[in-house]
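S.K.: Listed below, chain by chain, are the residues.
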Amino acid sequence: MIGLPEIIAGVVAVALNAYVLTGGADFGGGVWDLFASGVRRERQRELIADSIAPIWEANHVWLIVVVVVLFTGFPSAFSMLGTVLHIPLTIMVIGIVLRGSAFVFRSYGPYGRNRWGRAFAIASVITPLLLGTIIGSVATGAVADATDKIGGAGSFTEVFVAPWAGPFPAAIGLFALALFAFLAATYLTLDAPDEELREDFRTRALAGAGAVFVCAALALLLAHSAAPRVAIGVVGALLIQASTATAAITAIAALWLRHYRLARIAAAAQVSLILWGWLIAQYPYLIPPALTIRDAAAPAVTLRLLAVGLAAGAVILLPSLQYLLRTFKTKRRA
Amino acid sequence: MLISNLMAARAQMALSLGFHIIFAEIGIAMPLLMVLAEWRWRRTGDAIYLQLARRWAKGTAILFAVGAVSGTVLSFELGLLWPSFMQLAGPVIGIPFALEGFAFFTEAIFLGVYLYGWDRVSSRAHMLAGLIVAVSGAASALFVVIVNAWMNTPAGVTVDGGRFIAIDPLAAMRNPSTFQQVVHMLLAAYASTGLAVAGIHAAVLLQQRGAHVLRRGAEPLGPRTSGAFHRHAMTVALTIGIPAALLQPISGDGSARAVARWQPVKLAAMESLVETQRGAPLHLVGLEIPRALSLLAFRDPDAEVRGLSAFPRDEWPPVAPVHVAFQVMVILGTLMALVCTWAALTLLRGREIADRRGLLGALALLTPAGFIATEAGWVVTEVGRQPWIIGGIMRTADAVTPMPGLAVPMIVFTLIYVGLAAVVAISIAWLVRETT
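Chains L and E supply the protein sequences, listed in that same order.
Quick note on numbering: the first sequence equals residues 1 to 334 in this note's numbering.
Quick note on numbering: the second sequence equals residues 1001 to 1436 in this note's numbering.
Just to be clear, a hint being listed does not mean it is correct.
[Unchecked claim] Covered by chain L, per the in silico footprint, the following chain E stretches (three or more residues, Cβ under 8 Å):
hint: 1; segment: 1037-1043
hint: 2; segment: 1094-1107
hint: 3; segment: 1156-1170
[Stated by the list, open to error] Beyond 12 Å from chain E on every Cβ pair, some chain L residues (computed):
hint: 4; residue: Gly3
hint: 5; residue: Arg40
hint: 6; residue: Glu57
hint: 7; residue: Pro75
hint: 8; residue: Ile96
hint: 9; residue: Gly109
hint: 10; residue: Asn114
hint: 11; residue: Asp145
hint: 12; residue: Pro228
hint: 13; residue: Arg258
hint: 14; residue: Ala300
hint: 15; residue: Leu321
Calculated directly from the structure, the hints in this document are not laboratory data.
Every residue gets a Cβ at the ideal spot worked out from N, C-alpha and C, and that includes glycine.
Work out the full structure: start from the sequences and follow the hints.
M.R.: In structure tokens, the structure reads:
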């Protein structure tokens, strides 16, 4: 049954999706900064910086929305994640801090672009790895199991390390990194000012698509033992699987044939479908197998107010976002 | 273990908030300064104002980004360090946090437009974008301070056996501390940032004067020579800083009375008053002003002020830091108000502040005063709330995460923040120097 808790959970999912498509691609840009190569190395870096500079902070706020709606609407889930996943969350937050600071210091600060550029690039790799690891560990059910051991039988390692330090969470970490890099390269083919740079990023996008395929295969392989529930769910949702495959093939074909607009849409669709595939496989659980959306939901009065607040916020937010994107998609006036 | 887990968590949270609060204040006030400078440019056609708006925009970009990421750290730390608190309080105080999320969104969106849209949007749209950044910055502060006010004086909840059996998030937002705390915080942001910017430029002006005097003998600089950039900068900054600094003591008085009424043990700690007494005196830097505390707190020189001994020992906040921090805040706030009165009188008599050496010196000396006063005020309200994380409802010790070894992240974040602070300081110094 779909009620207020499901709607609020849906908002969390939509915000996470928006974050992955926007903020995720900004991190992917940092990955390509690290792997910038060839004679156009510096021009590649400039293009990456120029295309994310005006929007990365707005994109970043989607993550804040995820966190805030999660702790308001599903406080026990937030509390459980914050406790068991303390270590990877802390490392991810450090990555976020270093990425953002290094990027502005590089743009506006007194020291060479190179030093801050390197810090920006490395932090851009760390953060998606950890984000994926966290999602992977939630999917295995280990977070919920570890929560039961707190204060009792569990050792430090069992409770605070084992849930995320395994091959499956690591594979999802790599998967997230590959997805973000793939998205970024695909977006950059459209932002590129000339053919040479466009070709550079077309090659990178195709390489990214290959990496996504390898990581997906690896994750699926490991999922059968690590997260059987999610694996069955993911494989079981045939419609989603078929759509994901269609989007993936379309993205690769469009890149191959240099239809960049189509490639961008298909890539975004592919990444979104992968995310929703996971979410639907987990449904109705927020943190399987312990907390369902209903178990974790805040009292109805909070959910109602939150829904009103989110609706009011969206009325301001959506036109503003559209204005931002339109402003930086058009050519300069002067 | 050298330091308990609870102390490490508190230290990490205090450090994170203490770091973020400076950038938050700047993020609230700086956009207003840059919009004012741009507006002056459009009104007067004086290109120096444009140069100023662009320079301030660059500084704001750095400071806002560091503020944004340090704010992100805080939103995660709520769960990383205080999961039981968030589990209990999330449904009550989540609404203002969600609204803050949207305010932050509009801030980030229109800052992007402002910083990168100089040649992409119309001049009217550009100024409006800056104004939206300034307004959403203030709105963010409003929502976040509402949460803090609720932690001090919780409302809108019915407690039974440590659980909330009924909640009213709207009533929680209208708790008794909200109004005073929000006003005090916003004025602090404008006063601290306005006077810090004015102070930096006053210092450069003084230095230029000094150099000039050394080079050419005693003749002082004329009003229209090379210091125009810094003079303009100082003037715009003071148009924000002076009114805020003059209003702040009034707001402080209101805050103190609200604390006296709703958080008597915090007031006792602020004044380190042990015994309950009628006609209680006020202690300020060793001076004792008879009956002043009773008068200030309750508008009656003979009113009874409850001392610490009227409360159970395990509900006392750490008295010494609260008492010292309160003194520091009051002294610095008073100095800021006095120097601002001096500056306001100078301006009202049609004199140039830049020609007044003493006033320039005083402004330069007060550069960090607002931020130090803010930190002190934050210590008063936060340490003064201890041992509670939610006043009278949940103890901080019961809210901390079971995760052991919290000293490690505490040390890591300390190193990161020290490093960031150093780089930010160097970058801003470099931006200020670029023209001179």
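S.K.: Compare the structure with each hint and give your call.
M.R.: For each hint, the structure was consulted:
Only residues whose C-beta sits within less than 8 Å of a C-beta in chain L count toward coverage, and the segment 1037-1043 of chain E has 0 of them, not enough to reach three; the restraint is violated. With 11 residues bearing a CB less than 8 Å from a CB of chain L, the segment 1094-1107 of chain E meets the requirement of three and the coverage assertion stands. Only when three residues or more bring their CB closer than 8 Å to a CB of chain L does the claim for the segment 1156-1170 of chain E stand; here the count is 4, and the claim holds. For glycine 3/L, the non-interface assignment is confirmed: its Cβ lies about 16 Å from the closest Cβ of chain E, beyond the 12 Å cut-off.
The Cβ of arginine 40/L sits about 23 Å from the closest Cβ of chain E, beyond the 12 Å cut-off, so the non-interface label holds. Remark: the non-interface label on glutamate 57/L conflicts with the geometry, its nearest Cβ contact in chain E lying 4 Å away (cut-off 12 Å). For proline 75/L, the shortest C-beta to C-beta distance to chain E comes to about 3 Å, within the 12 Å cut-off, and the non-interface label is violated. At the 12 Å boundary, the C-beta of isoleucine 96/L falls inside the reach of chain E, the nearest C-beta of that chain being 6 Å off.
Not every beta carbon of chain E lies more than 12 Å from that of glycine 109/L, the smallest distance being close to 4 Å; the non-interface claim is violated. Distance check for asparagine 114/L against chain E: the nearest CB is about 15 Å away, which clears 12 Å, and the non-interface claim stands. Here aspartate 145/L stays apart from chain E, with its beta-carbon at least about 15 Å from theirs, past the 12 Å limit. Listed as outside the interface, proline 228/L is consistent with that label: its C-beta sits roughly 28 Å from the nearest C-beta of chain E, beyond the 12 Å cut-off.
Residue-level check passed: arginine 258/L sits 28 Å from the nearest beta carbon of chain E, beyond 12 Å. With a minimum CB-CB distance of about 10 Å to chain E, alanine 300/L fails to clear the 12 Å threshold, and the non-interface call is violated. Against the 12 Å criterion, leucine 321/L falls within the reach of chain E, whose nearest CB is about 6 Å from its own CB.
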